[in-house]
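Top to bottom, those sequences are chains A and B.
For the first sequence, position 216 (counting from the first letter as 1) is numbered 216 according to the working numbering, and the numbering increases by one without interruption.
For the second sequence, position 83 (counting from the first letter as 1) is numbered 83 according to the working numbering, and the numbering increases by one without interruption.
Please keep in mind that the hints were generated in silico from the structure rather than gathered at the bench.
A couple of the hints might just be wrong.
Here chain A is said to cover these stretches of chain B; the calculated rule only asks that three of the stretch's residues, wherever they fall, bring their Cβ under 8 Å from a Cβ of chain A [stated by the list, open to error]:
1. 279-287
2. 350-364
3. 482-492
Computed from a predicted structure; not experimentally measured.
All residues carry an ideal CB built from backbone N, CA and C; glycine is no exception.
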Amino acid sequence: MKRNMWKTAALLALAAMVAVPGVRAADSADDLFYKANDELMQGNPAGAIKGYSQVIAEKGYSVPVLANLGEAYRRQGEIGLAILSWERARLLDPTQGKVVQWLHEARQAAGLAIPSAGLGEKLSSWMSPTAWALCGSGALAVFCVGLFGVMISRHWRWTSLAVSMLAAAVMAGAMVSGTWSWQQMEHAVVVSEGPARVAPVDTAQAVFELKPGELVKIEQRHREHVLVRNASGQTGWIPSSHADRIVAGRSV
Amino acid sequence: MNMTRKLLVLAAALAGISLQLQASELAISATLEPRQIQLGQAARLQVTVSGGKARGVEPPVVDGLEFNAVGQSSNFQYINGAMSSSVSKVYEVVPSRTGTYTIPSFGPDNSDARTQPLTLQVVDGAAPSAALPAPQVNTASGTSASVPEGANEMAFLKLVLPKTDLVVGERVPVRVEAWFHQGLRGSLNDVPSMSVQSFTLESLRKQPQQHIESIGGRPYTVLTWDTALTAVKAGEDALELNLPITVAVETQAQRPAGMPEEFDDIFANFFGRNRVTTKQIELKSQPIEVKVADLPEEGRPADFSGGVGEFTVSASVSPDTMEAGDPVTVRLQVKGKGNFSRLQVPMLEAGRDFKAYAASERFESSDSVDYSGVKTFEQAVVPTSPGKLELPAIKVSTYDPEKKQYVTQLAGPFLLDVNGTAVPSRTMASTTGSAGSVPVAVAGDASGPADLYVSPGSFHTSLRPLLANPVYLGCQAIPVLGLAAALLLAMRRRKADPMAGALQRGEVEARRRMDEALKAGDAAAFFAQAREMCRQVLGRRWGLRPETITLAELERHAPAVSENLKEVFRQADVAMYSGEGLASGDLGAWRETVLNELKQWEKTK
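Pulled out of the complex, with its shape left as it was, chain B reads as follows (with noise of 0.2 Å):
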């Protein structure tokens, strides 16, 4: 295809998406977010006309609202031969004063296309409402947010510190912002740094916190790191931040005549017409004249803790009664800010009737860069002798720059009740160790636990719990193989035997029908289902047919079987062959008779 084709085909398709764009219906909305704002903000208001131009639409003049234009944006899309445009313009609207505010329709002169009214309640900052959702965009307050004089108004660098006079080891939190005006464009190669010797900076973090603010309407997106400040050495310095940056400008090139005027963000975009060009520049903060003095040598203590700030000093022991030999934990916490890092605690030392161990320490910050908290040291010491024990006082000494003083705080002393006999003089936890696995107390190093096992205990070459193991898993069928074996077996000698398993149901059969007749209080069926269910165990013990057994067979058997059954044999044969009505009072105490007898019976034999 050569060139004059190829331009044929772009300017049919070109002369096509122009048609299709002329004949689409122009529409325009406008969103305002939020509806809400405390006097001192700014909403937005986004107004989007699509199928056709958005220029010559303004939001109106609304008294009490100014109307600031923050970016333009376009879309445009080709799906399915349908062609679609829209240019989205962001205004930020600022209010004057309080009160509820209508931006009324609006729309091009050319057509009759408008936006919905939209309305805006401006309430008093200081009394902010509940229901107020969190703005998206602040304006400056008070004098920290302000163009910082001699500044760019495109980007510029604060420091933020509390105090300016300082003395050597003192340590204050402070708060580097990079201020960037939303339309520009670029990165950051570093984070801020100084070069400073007499101060050192804490790292900053490497992400820094951001959020948007307004300066006199202009909209700031600020980079926030906040992080610490330690002056190390005397004197009085300019305290300096730079951050180098690379911001993208970007320069628009004319649009030729006969290209319509909706490809000027969509084509200058695809045939790279708009130019950018990169540029790395350096931000620096304005000078902050920063006094630092040396730590006063009159009244300095000896033993000195490295901590400046205002501190308060506690401390416990705990149990303080126990056996000798038994440890105990020295705790001492110091709370209050500055610089903790450098505060170091000389705790206790062995005293003659006592061991003590190294101490550890842990810092629990309350908040972001470790200003303010608490630092614990912890302390294992161990009575060697029974008796009442002092354990002596620790003392921590510091530097208040706010009294310009050193305070020494003291904590203890610590009385401890120590009970048992003497401990020969060897590790303790070899000493303590022959009893098992007691566990000792020892001072941990951070929040958790701070006991420690002082005996191996006993040891399993395999952490694979016993029922994983394979044997025994095959053991557990042992058992159940054993029953099955036992039921087959019974089951056999049953099959073996019919008769047996015959005569036990005709036991049951007769008991029941026994209960049946006791109930009907029918004494002569009483006595023949009594004298059957004697036969029908006697006939199972015996391995004879039940019904062979007679009151001469049983004498004959069994001599020595008791009058009771003997009674009932003949019972029944009174009932049987007489027909003599027999009384049915004590049937009852028949049943239980006969019952025990048989049972006696069956142990017996």
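Next comes chain A alone, as it looks inside the complex (with noise of 0.2 Å):
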């Protein structure tokens, strides 16, 4: 009796050792964040984009600390990093209509074009991507048990059937969102202006300009050059400092 009671006062210990420091830090973070938008909101975006980057090195992404980051960025005159940030926050969430409005009037503003909405994302801008993937699998389960009470049940054949084409419906809704997704997880943002070359050295002939916040696929590196393509589809190299991926990390 007496051991056990020893056993689960050093398991409350060890949860108390756990917890308390991750209460503290979500506390911490908040608290940054608010601290930050204060900074943002008394003309000093440099303070304000501390404490964000702070907030998502300390807790994570979220689409608030993002789109607000973009907005100090912006407030900044750095649109390229302000444009980064405001894509982040949309892959993170597309059903955010400010977050788009913001990229609209960004482009807008420093004269890039504005890719036109396809099916994908309208769809995602009706559910977070998340929520997709959750309807997606679910539609697919209940299409194979659908597709199933087809092949075996006389009774039941059409209304499994219908059952079955519901949800195919929703699973191509979830696969054009999700291509969607994909495609913008594939995307790098143009950073820094300058010319893209012909080959991957700084002395090359340029191809043509990128402005600050264009959007381009990365398709190949070389040391601390990347081949880019552009929208239109012109390809050239340029350093890897002035472009990003919108899911940092993802290798070439």
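Fit the two chains together into the complex; they arrive one by one in their own frames, and the hints show the way.
Written out as structure tokens, the structure is:
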């Protein structure tokens, strides 16, 4: 009995040791976020950027943090980094119409082409990618059960078929939305203006100019340079520091 | 190879080239662009002579047209042993009156080669033709396009200033023009600069705009910088600009006797007999006397904004109805022309019933030098108490140099309708943040979004969507594999019990025949097939061969079976054994009854 009591006490102490720092970290990250907001409202975007970046380092990504970070970058005049932050926020939750509007306005102000919203983007604006993914999984399960019903049951055949068709439609929506998310994930955003060159050296002939905020695809990497393809299909080499992937850490 | 042999080879080559040039046929062509110009403009005539001498080829005299030679170029080619050379002369064609002119064909005296006749249409400059292409060469017009007195005709610098009476702080747009005669070869060492301390000249773009103009028939390349000048100190000063340039001076040596004249340009360049020297010179604009007066002390408002120019002020607040704690944006716009960079407006200060955040500002220029446009100030204000709130008016005081007086304009006051309950004094972001990710309006400093999220929201450790997670993707195989397994199982069961499949097929076949009999109105066949269908279904259920199920078997196996099914068996026996004709009137009702009974039977079992 006594031994059990000691065991329980030890476990509780261990749990407290694990949980308390976590709660404190959460509090501290939230405070950092509010502080960064205050910095931004008081006209200090540099301080706000530092605060939001710290929140991301401590707790991870969230739409509000990324959105406000983008706004801080915009106020500091770094439109490429602003668009990168907003693209990340949109990837997390495309239903946030405000972020989509900010992206649209920033691109317009920077003289960048505004990509037309396809079916994938429209569907993605209905639900978050996670919700779509879960719906798609559920629909796949229902579809399989329905298909089984169609094949083995005579009396429930038409009902099973209808359910299967409905599930197939949801699955198709999830797949289209997922394809859009996947494509977004493959993109990188130009953060510094500069020429794209024919070869991965800084003295090579310039092929075309890239503007901050432009969406590109990174196709190849060579030492400190990456081969990018822009929206019009042109390819050229730029320093790897001039473009950042929307999903950081994805390898080429 | 010794020197003598080298000279012999060169002489032979020259002789060959000379012979081939003499042997080639002389041809002449002329082009005129544009074919239609306004009076006061000039067209460009290019005459190209190939395979012979260009000298002595001059445009004919045309009444009303003046031809000014502006350049000459040579082209020499030796391709696969074939020699060709051509000389082009360029003339500027200046008309003296409107009308249609024909430049007749012309050519050298020693050949029959002639140009084609060319037509030039000159229209009135005051009424240009809509189809007239943009002229490449413009003649000078007005007093601005003339060589300044005392300036070098080959190159000179001009400063165009809209006014010479300024006040301290006044900003005016200026234009700097560097004129270079087209025959002059040179380069800019720097951009124009000013040494006077009483003014600041804003930085000039490194790449000026470039166009061609003509003064008295002489073509000039004109480099133009548009910028602005601000008076910083009272007094009188002579405004003068400097532009350092490097010019190339070329001197051509005399052609040695015996050298064919076709080689004047070609060989002179090849062998460097043209001597080019560069010279650094500084162009100076003519000094302009400018008077700068101090801003008058009399009548100067205490809150003078520093703006000097002509401005109009407007302001708005949105929304005008809100809950206490919700932010509103006060937007003040100053439109007009003047020194926008110095214009500072004191926006609202926090009051007893509202908080005010730092204002942001942005400027949208409507010209290239930021002289005219709109400056927008935006400020976030948060009412803290419910009720009617009056935000005070914003005062903007500027100096109008045209009217020579201070002008004070008021924007506001603004009435707000504030609902809800009083908000405790915490930072607004923290206060409203508890409600979730609700955007709060905050003034932006540039065009675009002006809202912030006030709650950090839910966090994700990665930006990767769930669908990119390998575990998630792997899970998608579960229902597919489950379906495959279930189907496999069903197939195995069917394989193990082949009669079940056969019975099912028999049931479908019996039903099809029953429907055919119904259509044909054949009651005997209908009941026979209905019974067959019942046998198939019951046989599958009871594990019996269908043909073994009779009425007696039915009653033995399932005493509770409905009378309707028994009646089907009876009717079928009657039709089969007695050959008695059955009435076909209610066969449709029998069909529904049989199907319902069987369905019910399957369900209950």
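Quick check: the region 482-492 of chain B, covered by chain A? Criterion 3+ residues, Cβ under 8 Å. holds (count 5)
Go check the region 350-364 of chain B versus chain A for me, would you? Three or more residues, Cβ under 8 Å, otherwise it fails. holds (count 3)
Claimed coverage, the region 279-287 of chain B by chain A - three or more beta carbons nearer than 8 Å: Our answer is that it is violated, as 0 residues pass the Cβ test (under 8 Å) against chain A, missing three.
Violated hints amount to a single one, hint 1; each of the other numbered hints is respected by the structure.
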